[in-house]
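Protein sequences appear in the order of chains S and P. Taking our numbering, the leading residue of the first sequence gets 1, the next gets one more, and so forth. Taking our numbering, the leading residue of the second sequence gets 740, the next gets one more, and so forth.
These are calculated hints, taken from the structure and not from any lab test. Please note: incorrect hints may appear among the correct ones.
What the hints assert, rightly or not - A few chain S residues that face chain P, going by a derived Cβ cut-off under 10 Å, partial list only:
{"no.": "1", "residue": "H61"}
{"no.": "2", "residue": "G64"}
{"no.": "3", "residue": "P196"}
{"no.": "4", "residue": "H198"}
{"no.": "5", "residue": "S205"}
Beta carbons: idealized from backbone N, C-alpha and C, even for Gly.
So you can see what is in the structure, the chains are spelled out below.
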Amino acid sequence: MSYDSLTGFIDSMASDFLFIDGRDIDISAAGKFLNHLDQILAEAEKVSALPVAKISRSLSHILGKWLIDQVKDKETGFGTIEKGIFLMQEVAESYKNTGAYGGDVGGFIGGCATLLGEEIPLEAAAQDKVPDAVEAAPAGEPETVPESAADQVQDESLLKDFIVEACEYIDEIEVNILNLEQEPDNKEFINAIFRPFHSIKGVASFLNLGIIRDLAHKLENLLDKARNGEQEVTPPLIDVVLDGADALKILVNQLKTDPGSSQTIPEGLDLEELKKRIQMVEEGRTDIPARKKLGEILVEEGVITPETLKKGLDTIEKKPGTKIGEALISEGDVTPKQVSQALRKQVDQVSEASTIRVDTHKLDDMIDMVGELVITQSMVQQDLNMSLHADRNLMRDIAQLFRITSALQRASTGLRMIPIKQTFQRMSRLVRDLSKAAGKTVAVEMEGEDTEIDRNMVDEIYNPLVHMIRNSVDHGLEVPADRLRAGKSEKGIIRLSAYHRGGNIVIEISDDGRGLNKEKILDKAIKNKVLQSRDGLSDAEIYRLVFLPGLSTAEKVTDISGRGVGMDVVKQAVEKLRGKIEIESQPGEGTTFITSFPLTMAIIDGMIVKVGPERYILPTTAIRQALRPTRESYNNVVGKGETIRVMGQLLPLVRLYQLFGIDPDYKDPWEAIGVVVEGGNRSKCLLVDKIVGKAEVVIKSLGEGFKNIRGISGGAILGDGQVGLIVDPEGLFDFSERQ
Amino acid sequence: MDKSIKILIVDDFATMRKVIRNLLKQGGYENIVEAEDGVNALKILKSQKIDFVVSDWNMPNMSGLELLKAVRADEELKALPFLMVTAEALQENVVAAVKAGVSNYIVKPFTSAVLDEKIKKIMEKM
Chain S
1 MSYDSLTGFI
11 DSMASDFLFI
21 DGRDIDISAA
31 GKFLNHLDQI
41 LAEAEKVSAL
51 PVAKISRSLS
61 HILGKWLIDQ
71 VKDKETGFGT
81 IEKGIFLMQE
91 VAESYKNTGA
101 YGGDVGGFIG
111 GCATLLGEEI
121 PLEAAAQDKV
131 PDAVEAAPAG
141 EPETVPESAA
151 DQVQDESLLK
161 DFIVEACEYI
171 DEIEVNILNL
181 EQEPDNKEFI
191 NAIFRPFHSI
201 KGVASFLNLG
211 IIRDLAHKLE
221 NLLDKARNGE
231 QEVTPPLIDV
241 VLDGADALKI
251 LVNQLKTDPG
261 SSQTIPEGLD
271 LEELKKRIQM
281 VEEGRTDIPA
291 RKKLGEILVE
301 EGVITPETLK
311 KGLDTIEKKP
321 GTKIGEALIS
331 EGDVTPKQVS
341 QALRKQVDQV
351 SEASTIRVDT
361 HKLDDMIDMV
371 GELVITQSMV
381 QQDLNMSLHA
391 DRNLMRDIAQ
401 LFRITSALQR
411 ASTGLRMIPI
421 KQTFQRMSRL
431 VRDLSKAAGK
441 TVAVEMEGED
451 TEIDRNMVDE
461 IYNPLVHMIR
471 NSVDHGLEVP
481 ADRLRAGKSE
491 KGIIRLSAYH
501 RGGNIVIEIS
511 DDGRGLNKEK
521 ILDKAIKNKV
531 LQSRDGLSDA
541 EIYRLVFLPG
551 LSTAEKVTDI
561 SGRGVGMDVV
571 KQAVEKLRGK
581 IEIESQPGEG
591 TTFITSFPLT
601 MAIIDGMIVK
611 VGPERYILPT
621 TAIRQALRPT
631 RESYNNVVGK
641 GETIRVMGQL
651 LPLVRLYQLF
661 GIDPDYKDPW
671 EAIGVVVEGG
681 NRSKCLLVDK
691 IVGKAEVVIK
701 SLGEGFKNIR
711 GISGGAILGD
721 GQVGLIVDPE
731 GLFDFSERQ
Chain P
740 MDKSIKILIV
750 DDFATMRKVI
760 RNLLKQGGYE
770 NIVEAEDGVN
780 ALKILKSQKI
790 DFVVSDWNMP
800 NMSGLELLKA
810 VRADEELKAL
820 PFLMVTAEAL
830 QENVVAAVKA
840 GVSNYIVKPF
850 TSAVLDEKIK
860 KIMEKM
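Hey, can you work out the whole structure from these sequences and the hints?
Structure (structure tokens):
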């Protein structure tokens, strides 16, 4: 065996060592030596010169400690390194000549340990004067910043920035931790949670926000361990990190209202208890299986009952070495095919889909550009249609181009679609918090969480959904005692489900609570004078009354549902997103909110109507019906304006041509068409010349210059390349009332 | 020492960049640019002349250590002074940075005086 490389590496380290100025090792020299030592270690292990390997490891260790300023006696440290290099030379030389080393390096290794062991009294090192090589605070707990340092950077705008950024980071933590709950092994998620805590700690240490810094530090440590695999990601860990994030939010928000409060703990926040829990999680290493067990999957799939599974588990306990699948097959409970399917499912849970992350701005830009392409394409087509000399081939090619651009547009809008899962997870978190506060036990069931929706819609629909959830937890579900009395299980169920229907995503939120109280709704409706008589209304019509302002039936205002936000506000919010909301309820069995939203805000399903030469697009979701008013149904009462009677209801008449100053084809209502449109809890009858047809159009903003046009929410290029304006019913109604 | 050197701050946390910027300004350094991660830092380093880098250790996309390695591996940038900002002096991390050729490291939180001292010492050796 050749030891030439080994002696060569050691010699070059030794010669570098000779060139050191003074008896101190600076960073670049330390870097060089560490790299030398890595080389030596690898080579020594390769040629089995174990004593050399041992020495090089010890020297690397001393250098590491040196770098973080934990070698207090630099003189002895320097001497030890020197000695170590010579010793390596001696040992390697001996290997080269005899293939072995007769001496003992144990004494030297022991000396290294003593050097480090004796020299690490931490407090002493910290007070020592700033050393030459590196100025470092001791590892471990972060040091308190000297007051002056904090004051120097402590200015108000910095604190404001910190509050905003920290809140954003904490929100990020919440989302990511719910992802982590689904995939406890995913290092990327752990990292995504670790990093914000880390950053918050860093800035807090500069701003002298001791309480925030310490809490963030504790959480960061816990996650660091999870990241390194020293700590299993368990439900208690998730809980404590979530609570930690909440506590941080409270602390940061406190700064928002009172910038001087950085050293006080807000009332009601038990940081000591939280810290104790963090410690408990760190100490107790509970193990949870990373993936679902085969038996669980089989039960979930409905292949076997839990009892059968238990029987099978008992069998394998008696016969060690058998697997659950085998046991169940031999008992005839399952077929081998069912087991193999379940096994495949088990593996699928772990394997990741091959995906890449793309910045949403890039996607938005691309989708915008595709939108422009579609418009330009239709303009080209229009020009050709008008031209007399259109070439047959050209026409055919253009038709092909049209198909491709449409396909491209569909594909590109699809790119921005994400599963509703994340939203559901956030809501399940909310239910957890809310039910705790209300003293109820609630289980959340989800269905269809893979249903996709436009990324830009996700944030928009969140608030209305939250209100419905609050409503369900607070008013829908009974307290455990009442549930038992009603013969239900103590645990209430909130069910979230999503599916696609037409161009919409339907989201249902249902509870198995007490159901809506029809009598109470009717009482309130009569009291508020929205209803004259209680008779003649179907159940569905009665339930729909809760969407009217001031008809919330809650007996008391609680801190959960809050005050003021009734179902009328929810309905408005849903409609603003061009969605629809319905309610279903069975007394004693529960209530279901059924909401449907368009999949994307980029495309609108509309009815094209004509007024004079202009065309407008009315959102289909807002249209109740279209009719030709009769002379008899028209009424003009002084002071109340014009009305049309539609199915026994008097609806205000809005003449679109008047609002927009156009010359119409028809001015008499009985010659024109009336379209009943709903918006902002009002219904009115719009007078138009003609209904042209239905169309799905891509919404284009009108640009900065035309941002706040009353009654118009945007524009669209119609099939013939002309622009049609999209009507915003609520805005239009406001506009008409102000006229 | 020349205080007009152009310093690049790399940190994903905007407030942190502002903190370091303020500290540098207190030390008399005015010529400062920022990047929010290693990838953007490299872009800046390639497109303009930077004299000094102050980089955070823990960042998404490309960590401070990866940035350092990329800088040292680049023929034009390999001698660039590089100061690493870390949260604590962990031996493992410091050793990795030193092996990769970091000019020095500094532990959060620090004062403008300590930062100035570090920069001066590194620049003197250039």
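For a quick check of understanding: which of the numbered hints are violated here, in increasing order? Going through the list in order, the structure violates no hint and respects every one.
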